[in-house]
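Enquirer: Listed here are the chains, written in short residue letters.
2 protein chains.
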Amino acid sequence: MAKNSNFHPVILAGGRGTRFWPLSRKKRAKQLLALDGKQTMIQQTAARLLPLAPTVQFWIITNDDLRPAILKQLPRIPKPQILAEPVGRNTAPAIGLAAFILLQQNPDAVLGLFPSDHVIADEARYRATLEQGIAIAAAGPTIVVLGIRPSRAETGYGYIEAGPMNGGALRVRRFTEKPDAAKAAEFVAAGNYFWNSGMFLWSARTLADALREHLPKTAPLLEEIAGCFGTRKFGATFRRLYPKCENISVDYAVLEPRSAKGELASNIFCLPADFRWNDLGSWTALHEHHAAKANPADGNLVAASGTFLLNASRNYVHAPGKFVAAVGVSDLVVVETSDALLITTRQDAQDVGKVVKHLDAKKLHKLV
Amino acid sequence: MAKNSNFHPVILAGGRGTRFWPLSRKKRAKQLLALDGKQTMIQQTAARLLPLAPTVQFWIITNDDLRPAILKQLPRIPKPQILAEPVGRNTAPAIGLAAFILLQQNPDAVLGLFPSDHVIADEARYRATLEQGIAIAAAGPTIVVLGIRPSRAETGYGYIEAGPMNGGALRVRRFTEKPDAAKAAEFVAAGNYFWNSGMFLWSARTLADALREHLPKTAPLLEEIAGCFGTRKFGATFRRLYPKCENISVDYAVLEPRSAKGELASNIFCLPADFRWNDLGSWTALHEHHAAKANPADGNLVAASGTFLLNASRNYVHAPGKFVAAVGVSDLVVVETSDALLITTRQDAQDVGKVVKHLDAKKLHKLV
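The listed protein sequences correspond, in order, to chains A and B.
For the first sequence, position 178 (counting from the first letter as 1) is numbered 178 according to the numbering used here, and the numbering increases by one without interruption.
For the second sequence, position 293 (counting from the first letter as 1) is numbered 293 according to the numbering used here, and the numbering increases by one without interruption.
In short, the hints are calculated from the structure, not lab data.
You may find that some hints are simply not true.
To be verified - Derived, one-sided and incomplete: chain B residues facing chain A with beta-carbon distance under 10 Å: (1) SER305; (2) GLY306; (3) PHE308; (4) VAL317; (5) LYS322; (6) PHE323; (7) ALA325; (8) VAL334; (9) THR337; (10) LEU341; (11) ILE343; (12) GLN347; (13) LYS366.
Unchecked claim - Simulated pairs of lysine to any residue, SDA-like, Cα-Cα distance not exceeding 25 Å: (14) A:LYS366 to B:LEU301; (15) B:LYS38 to A:ASP339; (16) B:LYS178 to A:GLY328; (17) B:LYS357 to A:SER305; (18) B:LYS363 to A:SER305; (19) A:LYS357 to B:ALA303; (20) A:LYS366 to B:GLY156; (21) B:LYS26 to A:THR307; (22) A:LYS366 to B:LEU310; (23) A:LYS354 to B:SER313; (24) A:LYS362 to B:PRO320; (25) B:LYS357 to A:LEU301; (26) B:LYS366 to A:ASP339; (27) A:LYS362 to B:ALA303; (28) B:LYS363 to A:ASN63; (29) B:LYS354 to A:ASP339; (30) A:LYS357 to B:LEU310; (31) A:LYS366 to B:PRO320; (32) B:LYS357 to A:GLY321; (33) A:LYS363 to B:LEU301; (34) B:LYS354 to A:LEU309; (35) B:LYS357 to A:GLY306; (36) A:LYS366 to B:THR337; (37) B:LYS362 to A:LYS357; (38) A:LYS293 to A:ASP331; (39) A:LYS362 to B:ASN311; (40) A:LYS357 to B:LEU301.
Each residue gets a CB set at the ideal place from its N, CA and C atoms; glycine is no exception.
Produce the entire structure from the sequences given, and follow the hints as far as they go.
Expert: Put into structure tokens, the structure is as follows:
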């Protein structure tokens with residue numbers, strides 16, 4: 001596998017991942033945690049992509065809270081390419097800015113948009129899929145989205161409805177936001193629906209054109225910021241203009257707009273991905289991910305200095321350094337840090353973000 | 001209320017209280033913890049009795065693990081009167097040794113036997129009851145046991161079946177160990193059953209005579225140890241002979257033996273006690289005790305630096321210094337210390353002693 005001199009991974013690392021509180025914090029967001037293995041999620045994201053592009057071609061878009069930690073975790077990525085948004089503006093302005101900067105540097109640039117906090121198994125297959133997608137994106141004015149073959153009727157994801165094969169990829173018919181359980185089951189049974197992985201590939205030129213078309217107010221602002229990249233004016237211009245950009249996702253801004261006939265643009269393709277993928281959306285998802293690997297008989301996963309488990313099953317406990325005794329409890333999620341203790345259930349773990357909302361509202365800054 | 005120069009409180013403080021793990025440890029047993037208020041349980045026990053006797057008349061029977069902490073917590077009790085058993089031999093040898101020592105010093109001594117880890121409300125009523133009992137015990141060869149009027153059909157306590165009134169106290173007909181639920185309900189309905197509080201009053205002479213009669217092998221050993229009290233030989237004699245004493249409770253050795261007719265000795269009396277009493281037998285009992293005082297609407301009691309409770313009810317959480325978030329959980333008991341984390345339920349909290357058994361068996365000395 002050769003590194004591709006035109007491929008530029010753009011890693012999005014501005015999220016907070018509040019569902020992993022109390023481990024995740026404003027300055028130590030989910031992507032900076034080693035939730036799966038020794039490397040952090042963002043380190044794994046970068047390492048996975050490194051066989052496809054040298055580090056000088058990597059870009060990271062984050063914020064001021066997280067940038068210092070990212071600089072430490074990924075010291076080989078050029079510092080100016082680790083951009084801290086002055087304010088969060090969702091994915092369209094983020095990837096758009098990268099596209100306009102890269103277009104100045106390399107008219108043949110192909111961008112890949114990658115979340116920084118997902119788990120991917122089968123890395124060789126992952127990279128083979130990406131290489132295929134990069135080739136498609138480089139060949140024409142095409143947008144490629146990686147679609148994950150659904151393994152269950154998940155209601156927490158967006159779905160892609162794909163049409164017939166077209167040159168190695170499937171034509172995208174429709175994007176559908178999080179469906180209800182019945183719809184999700186229907187999608188999975190239909191066979192031509194895929195989970196939207198949040199991973200996209202396109203040439204800088206295609207993306208720039210799409211942004212000029214669909215975000216005519218925002219695109220010129222991004223071009224002006226991009227024009228200052230590498231100069232002294234960049235920081236001030238970024239801070240001044242970026243907040244004026246529309247707060248919108250690339251899916252919504254570029255992929256989903258329909259023609260007057262109600263049809264999607266014909267140049268959006270879904271590349272079916274057969275590698276195992278997990279977005280680790282909650283403590284429960286992390287529990288299931290680890291349990292699938294370790295497969296403990298009682299379903300308990302306990303990070304501790306020692307354990308005593310009696311009539312305890314399917315619990316996830318994170319209390320490293322402590323002896324944990326669990327007696328007569330099941331389906332609990334308990335996470336302990338030096339200043340906080342979370343006690344919830346596998347079912348309620350998706351509501352952990354509400355704790356952070358409360359802490360934000362109460363201005364308990366040290367705890368968020 | 002005047003101090004009584006013949007009344008000698010003997011506080012038993014050799015228990016481990018393993019059901020309060022991880023807070024209770026071998027060197028920091030339940031009675032040394034401030035489970036209810038600012039003072040520790042043993043400090044409260046002593047303070048409650050102080051209006052009845054000066055500190056020079058107090059005795060404490062404990063062990064080598066706990067004695068250093070007790071010396072610190074109760075600095076005004078004469079050090080030689082804080083006895084560390086070389087091995088635990090249950091209550092009969094412990095109170096017996098005190099009786100034989102006191103008999104040498106004061107032939108009119110009245111001993112009171114007091115557990116060191118119970119909660120008592122209505123202290124004035126408690127002391128008035130004791131004064132009545134002390135008078136009865138001083139007047140004749142009588143054994144007085146304080147009986148608690150049962151407020152529920154508790155199966156975890158011993159019961160006293162009382163007969164007709166006899167000079168201010170009830171004649172004891174029978175001691176019954178922990179009954180099953182049906183029997184317990186029957187006892188409560190009957191009206192003449194009381195919980196055995198573990199608090200006894202008797203003269204040193206009566207107790208000495210009873211021990212000589214019922215424990216003819218052990219009594220001479222205790223007399224020999226007592227004979228050395230205040231001399232250089234005491235420590236060595238105590239360590240040599242005490243392990244040879246029978247391992248038996250005072251209830252079983254002295255109170256329950258029956259005559260050939262199957263009747264209890266006629267000199268055992270039950271003094272009905274109307275003060276509120278709680279032996280705090282588990283985290284759940286402590287939870288209920290605190291909830292009865294604080295009466296929180298959702299039943300949660302959380303010791304923490306801050307809390308966020310969402311769909312959470314009837315939980316007991318002890319994590320001082322931490323922010324505790326509980327989401328979607330009920331009837332849990334969670335206790336955190338610097339080295340351990342207990343997660344159990346209100347129902348299973350009585351099994352916490354099993355954790356300590358496991359730690360003992362695994363020789364995890366730092367954790368017990």
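Enquirer: Which numbered conditions among the earlier hints are violated in the structure presented, ordered from lowest to highest?
Expert: 20, 28, 29 and 37
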